[in-house]
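Q: Sequence:
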Amino acid sequence: MQWHGYGNESLPSVVRTPPYNESREYQTTIRAQQSQIELLEAEVVRLRKKLSTVPAVTSAPPAIVISNQPAVTPPVAMLYDGCKPFECGICHNRFTNFYQLTFHGKHYPQSPMTKVVGKQVPIPVGPKHCPDEQCEYAKSMGKSLRNLQTLKRHWQRVHQTDRPYACTHCPPARQKSFKTRENLKTHQKDCTKNGWVCRDLCPAGPVS
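Counting in the numbering used here, the final residue of the sequence shown is number 311, and the numbers go up one at a time with none missing.
I should point out that these hints are in silico values taken from the structure, not numbers from a laboratory.
Okay, derived cross-link-like pairs now, PhoX-like style, lysine-lysine, Cα gap no bigger than 20 Å in a straight line:
id : residue 1 : residue 2
1  : K288      : K255
2  : K282      : K187
3  : K209      : K222
4  : K292      : K279
5  : K187      : K218
6  : K292      : K282
7  : K187      : K209
8  : K296      : K279
9  : K282      : K255
Modelling step: build the complete structure from the supplied sequences, incorporating the hints.
A: Next comes the structure, spelled out in structure tokens:
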């Protein structure tokens, strides 16, 4: 193509390039994505239909304890903090539960386990009645607590009156006592921080 205008100079011919291959790649990508979306939508529809045919499962409320074992009433002595009702028949060490006793019995491999445990049996698992006859969880009331540990916490908090664990950091005139060792430990952390350390020299109050 010749350019007519200023002078007789000739310019290079303009060459048209074919369409970019990128547009073709974009179209291929879009088609693939549309196919993938259609597959996902079909899968969602299938799963919804499947869920609609599954019957709803109803469960009991978590607060309700379902147990085939009848509730029992343990003796009051067993509800105190630190109670160790199980005794080794060989060395007479005492333990909190029957399983600790049987584990301890492994220290005597030459002796039969019957010599360690004697006639002692484990405490039945399952719900427990409160030994206080006036309690709402007493056997006569027909209600029970989930297990022995729950009953111990209930009895110590509601029915126990004696406080066998005394703080040795408090001055004698103001000594505090507690129902459980855990309560005593919690108190002692604050008691030592407050300066109750010279109870013999100045029992009237903390160190200034």
